[in-house]
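**Q** Sequence:
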Amino acid sequence: MKKKTLAGLSREIQKLLIRMDEEMVLRGFTRDTRRVYLAHVRRFYRGRRWRTASPTNVVAAGAGSAQAGSEEVRQWLLNLMRTGRSHSYANQALSALRFFHKAVLKEPAPVAGIPRPKRKKILPKVLSKEEVRRFLGHLKTPKHRAIAFVLYSGGLRVSEAARLKVTDIDSDRGQILVRQGKGRKDRYVMLSPVLLDVLREYARTERPSSWLFPAGHRKDRHITPRAIQLEVSRAAQRAGIRKRVTPHMLRHSFATHLLESGTDLRLIQELLGHAKITTTVAYTHVAKGDAQKIQSPIDRLFEEEG
Numbered sequence: 001m002k003k004k005t006l007a008g009l010s011r012e013i014q015k016l017l018i019r020m021d022e023e024m025v026l027r028g029f030t031r032d033t034r035r036v037y038l039a040h041v042r043r044f045y046r047g048r049r050w051r052t053a054s055p056t057n058v059v060a061a062g063a064g065s066a067q068a069g070s071e072e073v074r075q076w077l078l079n080l081m082r083t084g085r086s087h088s089y090a091n092q093a094l095s096a097l098r099f100f101h102k103a104v105l106k107e108p109a110p111v112a113g114i115p116r117p118k119r120k121k122i123l124p125k126v127l128s129k130e131e132v133r134r135f136l137g138h139l140k141t142p143k144h145r146a147i148a149f150v151l152y153s154g155g156l157r158v159s160e161a162a163r164l165k166v167t168d169i170d171s172d173r174g175q176i177l178v179r180q181g182k183g184r185k186d187r188y189v190m191l192s193p194v195l196l197d198v199l200r201e202y203a204r205t206e207r208p209s210s211w212l213f214p215a216g217h218r219k220d221r222h223i224t225p226r227a228i229q230l231e232v233s234r235a236a237q238r239a240g241i242r243k244r245v246t247p248h249m250l251r252h253s254f255a256t257h258l259l260e261s262g263t264d265l266r267l268i269q270e271l272l273g274h275a276k277i278t279t280t281v282a283y284t285h286v287a288k289g290d291a292q293k294i295q296s297p298i299d300r301l302f303e304e305e306g
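Counting in this note's numbering, the sequence shown runs from 1 upward without gaps.
Heads up, some of the hints might be wrong.
[To be verified] Once the Cα atoms are required to be at most 20 Å apart in a straight line, the calculated EDC-like pairs of lysine to aspartate or glutamate come out as:
id, residue 1, residue 2
1, Lys288, Glu130
2, Lys106, Glu131
3, Lys185, Asp170
4, Lys165, Glu130
5, Lys219, Glu206
6, Lys219, Glu260
7, Lys129, Glu22
8, Lys140, Glu206
9, Lys219, Glu201
10, Lys243, Glu131
11, Lys143, Glu107
12, Lys106, Glu206
[Unchecked claim] Label pairs and their computed distance ranges (CB to CB):
id, residue 1, residue 2, range
13, Arg43, Pro108, 32 to 38 Å
14, Arg244, Lys129, 40 to 46 Å
15, Glu12, Arg244, 55 to 61 Å
16, Ser192, Glu23, 37 to 43 Å
17, Leu196, Arg82, 29 to 35 Å
Honestly, the hints are just simulated from the structure, not real lab data. For glycine and all other residues, C-beta sits at the position ideal for the given N, C-alpha and C.
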């Protein structure tokens, strides 16, 4: 853990956060999960008035009272919601604090009686096929073009695309190996002939050796998800797409367009790496299906009048 991420915290809490990171490593947490959980707990301690209090009493507001501790966490959660944080963000923060208490402080987390924020059911935002075509036509370099094609053609998460290795591309079998995706599970996605041509064109110019998409001239490091996000956003603007386009929107579009073409929902679940089919079902509410063919009563009304 970098020292600058611990700035502004007492030495005792810094040690506990280092211990928290170690506990997560032992449990096989992904690097992204560790980073996010640590950030939540850091923000909790930095934002409280009793920053230098004893760690075991911090959540109890220095009084050693479980009720006081629960109230502090409640107020912290309220503050997150009032400042515009999403329900998912607040739930994640609560999970991080719970883990910190149970795994590091070895005491129950002071969350008794605190309801978990109910997640809003937000439909996936997708691009039309025409918008995807326009977007793909406005990527400036072979590298950025290859990344975007991977995101849409295989439905990968941005972190999965960033960490692809050259050896993950199996042109003989027409597959891409996605290593340690969400939930630390490997999976295969299809390698389309169109994508393979794009990757070969990219390889002729960049000649990647280990990471498929290295970070600039640093061949020993992969490109960051943030760098991909920025280029996706810029390409969408150049294409004149008014929507706020993100790498994840390309993943949503991949799933939705497959569903519209008649691909079985279970197969889409496998390709996306979803643990539960209920997550994949959300795309059925976005895809243009039979509901799109139904004529509205108002259309019939005006047809009759005409």
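**Q** Is lysine 219 close enough to glutamate 201, meaning Cα to Cα at most 20 Å?
**A** 18 Å, holds
**Q** Quick one, are lysine 106 and glutamate 206 close enough, alpha carbons at most 20 Å?
**A** Since the Cα atoms of lysine 106 and glutamate 206 sit roughly 50 Å apart, the hinted pair is violated (cutoff 20 Å).
**Q** Decide if the proposed pair is consistent with the structure: lysine 143 and glutamate 107, CA atoms, cutoff 20 Å inclusive.
**A** Violated, at roughly 49 Å.
**Q** Cβ-Cβ distance between arginine 244 and lysine 129: within 40 to 46 Å?
**A** 19 Å, violated
**Q** Within a Cα-Cα threshold of 20 Å, do lysine 288 and glutamate 130 meet the stated pairing?
**A** Judged against 20 Å, a Cα distance of about 14 Å means the pair holds.
**Q** Within 32 to 38 Å or not, the Cβ separation of arginine 43 and proline 108?
**A** 21 Å, violated
**Q** Given a hinted range of 55 to 61 Å, is it respected by the beta-carbon distance of glutamate 12 and arginine 244?
**A** Given range 55 to 61 Å: violated, Cβ gap about 42 Å.
**Q** Is the hinted pair lysine 106 and glutamate 131 satisfied, with a Cα-Cα distance of at most 20 Å?
**A** 52 Å, violated
**Q** Measure nothing beyond the straight line between the CA atoms of lysine 185 and aspartate 170; if it is 20 Å or shorter, mark the hint as holding.
**A** 18 Å, holds
**Q** Could you check the hint for me, namely that leucine 196 and arginine 82 are 29 to 35 Å apart, CB to CB?
**A** 50 Å, violated
**Q** Below or equal to 20 Å on CA atoms is what counts here, so check lysine 165 against glutamate 130.
**A** Cα-Cα ~30 Å, so violated.
**Q** With a cut-off of 20 Å on the C-alpha distance, tell me whether lysine 140 and glutamate 206 pass.
**A** 14 Å, holds
When each numbered hint is compared with the structure, violations occur for hints 2, 4, 6, 7, 11, 12, 13, 14, 15, 17.
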